[in-house]
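Same order as they appear, the protein sequences are chains A and B. In terms of this note's numbering, the first sequence opens at residue 1 and continues consecutively. In terms of this note's numbering, the second sequence opens at residue 1 and continues consecutively.
None of these hints come from the bench; they were simulated from the model. Model, not experiment: these values are computed from the prediction. Watch out, some of these pointers could steer you wrong.
Stated by the list, open to error - Listed next, with one range per pair, are the computed distances between beta-carbon atoms: (1) Ser-44/B x Lys-248/A: 48 to 54 Å; (2) Leu-59/A x Asp-6/B: 55 to 61 Å; (3) His-380/A x Glu-70/B: 51 to 57 Å; (4) Leu-37/B x Pro-367/A: 26 to 32 Å; (5) Val-125/A x Pro-55/B: 35 to 41 Å; (6) Ala-13/B x Pro-367/A: 37 to 43 Å; (7) Arg-7/B x Thr-377/A: 51 to 57 Å; (8) Asn-384/A x Arg-74/B: 54 to 60 Å; (9) Glu-49/B x Gln-314/A: 39 to 45 Å; (10) Asp-26/B x Thr-263/A: 24 to 30 Å; (11) Lys-144/A x Gly-78/B: 17 to 23 Å; (12) Asp-14/B x Ile-130/A: 29 to 35 Å; (13) Trp-122/A x Ser-28/B: 44 to 50 Å.
Stated by the list, open to error - Dumping the calculated DSS-like pairs for lysine-lysine here, alpha-carbon to alpha-carbon at most 25 Å: (14) Lys-279/A x Lys-313/A; (15) Lys-248/A x Lys-25/A; (16) Lys-271/A x Lys-66/B; (17) Lys-220/A x Lys-115/A; (18) Lys-271/A x Lys-244/A; (19) Lys-404/A x Lys-244/A; (20) Lys-206/A x Lys-220/A; (21) Lys-66/B x Lys-306/A; (22) Lys-38/B x Lys-206/A.
Claimed, not checked - Among chain B residues calculated to face chain A with C-beta under 8 Å, some are: (23) Ser-36; (24) Asp-56; (25) Ile-59.
Even for Gly, the Cβ is constructed at its ideal location relative to N, Cα and C.
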Amino acid sequence: MPHRVFVSGLGVITAIGNNKETFWKSATKGISGIKRITTFDPSHLRTQIAGEINDFDPLLLIDKRELKEMDRVSQLGIFAAHEAINDASIKPHEDTALIVGTGLGGIITDDEQHKNFHTKGWRFVSPLTIPMSMYNATECYISKRFGIKGHGFTITTACASGLNAIGEGFRLIRDGYVDIALCGGTDATISEAIFTAWCAMRILSKRNDTPQTSCRPFSKDRDGMVLGEGAGFVVLESEHSLKKRDAKAYAEILGYASTHDATHLTAPDSKGQIRAMQKALEMSGIDKNDIQYINSHGTGTVLNDKVETETIKQVFGQKAYEININAIKPLIGHTLGASGAIAFVSTCLTLKDGVIPPTINYTELDPECDLNYTPNTALHKDINVAMCNAFGFGGNNAVIVVKKV
Amino acid sequence: MDDILDRVKRIVADELEVDVSEISDDSSISELGGDSLKALSIISALEAEFDITIPDEEISHINSIKTTVEAVERHLRG
Numbered sequence: 001m002p003h004r005v006f007v008s009g010l011g012v013i014t015a016i017g018n019n020k021e022t023f024w025k026s027a028t029k030g031i032s033g034i035k036r037i038t039t040f041d042p043s044h045l046r047t048q049i050a051g052e053i054n055d056f057d058p059l060l061l062i063d064k065r066e067l068k069e070m071d072r073v074s075q076l077g078i079f080a081a082h083e084a085i086n087d088a089s090i091k092p093h094e095d096t097a098l099i100v101g102t103g104l105g106g107i108i109t110d111d112e113q114h115k116n117f118h119t120k121g122w123r124f125v126s127p128l129t130i131p132m133s134m135y136n137a138t139e140c141y142i143s144k145r146f147g148i149k150g151h152g153f154t155i156t157t158a159c160a161s162g163l164n165a166i167g168e169g170f171r172l173i174r175d176g177y178v179d180i181a182l183c184g185g186t187d188a189t190i191s192e193a194i195f196t197a198w199c200a201m202r203i204l205s206k207r208n209d210t211p212q213t214s215c216r217p218f219s220k221d222r223d224g225m226v227l228g229e230g231a232g233f234v235v236l237e238s239e240h241s242l243k244k245r246d247a248k249a250y251a252e253i254l255g256y257a258s259t260h261d262a263t264h265l266t267a268p269d270s271k272g273q274i275r276a277m278q279k280a281l282e283m284s285g286i287d288k289n290d291i292q293y294i295n296s297h298g299t300g301t302v303l304n305d306k307v308e309t310e311t312i313k314q315v316f317g318q319k320a321y322e323i324n325i326n327a328i329k330p331l332i333g334h335t336l337g338a339s340g341a342i343a344f345v346s347t348c349l350t351l352k353d354g355v356i357p358p359t360i361n362y363t364e365l366d367p368e369c370d371l372n373y374t375p376n377t378a379l380h381k382d383i384n385v386a387m388c389n390a391f392g393f394g395g396n397n398a399v400i401v402v403k404k405v
Numbered sequence: 001m002d003d004i005l006d007r008v009k010r011i012v013a014d015e016l017e018v019d020v021s022e023i024s025d026d027s028s029i030s031e032l033g034g035d036s037l038k039a040l041s042i043i044s045a046l047e048a049e050f051d052i053t054i055p056d057e058e059i060s061h062i063n064s065i066k067t068t069v070e071a072v073e074r075h076l077r078g
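Only chain A is shown next, with the shape it has when bound in the complex (with noise of 0.2 Å):
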């Protein structure tokens, strides 16, 4: 008999948001973070904008010493895992799991320390460069401040990292293996010769004098999506848990979804999207007329929107157009690893306050993105049912559904 698995805190870190309170409230106003790029100087390339968090400072959780040997992807990962934690009112324990997702690691300190080989020389690379830009450094760290000593992992399907952790920490919980769990995702990728990298890819929106309305998913015209970064983690709980301490839960998941596109590198493909929700839904045991919102992976590409509009068609039949649709990306860029995390904390915000935020920057209809979008503005709605989807490079789906307690 699966156990029921609920989600009981949620913290997020984004360009609109230290912390889910300050998320929340530009999310459902429709405000977007996205600004010219400040790391460097990014005037030579073909877009200068994106979704970076300015106002942080890492020493009001991690000490001088600490930070300089953690990647801003560590230091995004502990504070939406420290809020998660305080959210929840949990003392993880050893038993307690940690699964962390992100699909990239440290790389800005991958890409300072290559420019040190190769600019001063040999001596001037870092003995740290390995340990503080390993994939699991984020988990490492999370697992030493909090004390979790059990069950682990660190996962990298690209976009969809951050929700294939959520759904492996539930799975880990329906199937008895613990009682609570920490998930989520990070990543920070801001930094010049990767953000040089995504530009090459040429899928990054050129408006660079609007950048607040740069992303436009769904919309016709649309011309890229618009790199963020951040984090977002949960506390996902077992019923007996729940119960044992008297505590409240956001949400609860019935189901989770991962499969593969098995076609290209980086093209999405319907069909792997299809079984993806088509599994998740399965798993949840309900009808799927009884889903009323679906966050979506929404990136702004041209490609992306029309799969994942073809992929709710395909799936919910003449019932698609009746169903709430977002994407957040406009509002705090594409934020990778993170991205699947960070929209499951909103969806999650959604059932608990009974608001969608706005897909902002619709602008005009896409004949081939025909579904009802959430365009521009929230939507006060009581939500009972939804379903959060990330999809990433390499073909990798998520799904999950969840459910309003």
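With chain A's structure known, arrange chain B on it following the hints.
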């Protein structure tokens, strides 16, 4: 012209791991085994080789040796 054609063929051959002798003036990138990602790599290599900038709008038209050479010539002139 021939110099540009030869350099374009060499870049395409390198990126698609085919022999230059297999590439004719009329070959299309897809016939040679290229996809959208390979096409991007070819365009990046062309930009570096000829010190030119090819705008996004032109990418979809650069689908054969002939159209690639034409694009390079246009940008070298312009």
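These are the hints, each one checked on the structure:
For Ser-44/B and Lys-248/A, the hinted distance range of 48 to 54 Å is satisfied, since their beta carbons lie about 52 Å from each other. Separation of Leu-59/A from Asp-6/B is about 58 Å and conforms to the stated range, judged on CB atoms against 55 to 61 Å. Remark: the range hint 51 to 57 Å for His-380/A to Glu-70/B is upheld by a beta-carbon distance near 55 Å. Range check, Leu-37/B to Pro-367/A: Cβ separation about 27 Å, and the 26 to 32 Å hint holds.
Range check, Val-125/A to Pro-55/B: about 38 Å between beta-carbon atoms, so the 35 to 41 Å window is met. Remark: the range hint 37 to 43 Å for Ala-13/B to Pro-367/A is upheld by a beta-carbon distance near 40 Å. Remark: the range hint 51 to 57 Å for Arg-7/B to Thr-377/A is upheld by a beta-carbon distance near 53 Å. A C-beta distance of roughly 57 Å is found between Asn-384/A and Arg-74/B, which places it inside the suggested range of 54 to 60 Å.
Take Glu-49/B and Gln-314/A: their Cβ atoms lie about 43 Å apart, and the range 39 to 45 Å holds. Take Asp-26/B and Thr-263/A: their Cβ atoms lie about 28 Å apart, and the range 24 to 30 Å holds. The beta-carbon spacing between Lys-144/A and Gly-78/B, approximately 57 Å, falls outside the hinted interval of 17 to 23 Å. At about 32 Å, the CB distance of Asp-14/B to Ile-130/A agrees with the hint of 29 to 35 Å.
Judged by the Cβ atoms, the range 44 to 50 Å given for Trp-122/A and Ser-28/B holds: they are separated by roughly 45 Å. For the hint linking Lys-279/A to Lys-313/A, the alpha-carbon distance of about 16 Å falls within 25 Å, and the restraint holds. Straight-line distance between C-alpha atoms of Lys-248/A and Lys-25/A comes to about 22 Å, which keeps the hinted pair within the 25 Å bound. With a CA separation close to 35 Å, the supplied pair Lys-271/A and Lys-66/B exceeds the 25 Å bound.
For the suggested pair Lys-220/A and Lys-115/A, the alpha carbons sit about 40 Å apart, so the restraint of at most 25 Å is broken. Pair hint Lys-271/A plus Lys-244/A does not hold up; C-alpha atoms about 42 Å apart against a cutoff of 25 Å. Distance hint between Lys-404/A and Lys-244/A is fulfilled; the C-alpha atoms sit about 20 Å from each other, no more than 25 Å. Proximity of Lys-206/A to Lys-220/A is assessed by CA-CA distance (about 15 Å); at most 25 Å being required, the pair is judged to hold.
As the CA atoms of Lys-66/B and Lys-306/A are separated by approximately 31 Å, the hinted pair breaks the 25 Å bound. Restraint check: the Cα-Cα separation between Lys-38/B and Lys-206/A comes to about 22 Å, which is no more than 25 Å; the hinted pair holds. Here the hint on Ser-36/B is kept, as its CB sits about 6 Å from the closest CB of chain A, short of 8 Å. Because the closest C-beta pair between Asp-56/B and chain A is about 5 Å apart, less than 8 Å, the hint holds.
Here the hint on Ile-59/B is kept, as its CB sits about 7 Å from the closest CB of chain A, short of 8 Å.
The structure shown violates the earlier hints numbered 11, 16, 17, 18 and 21.
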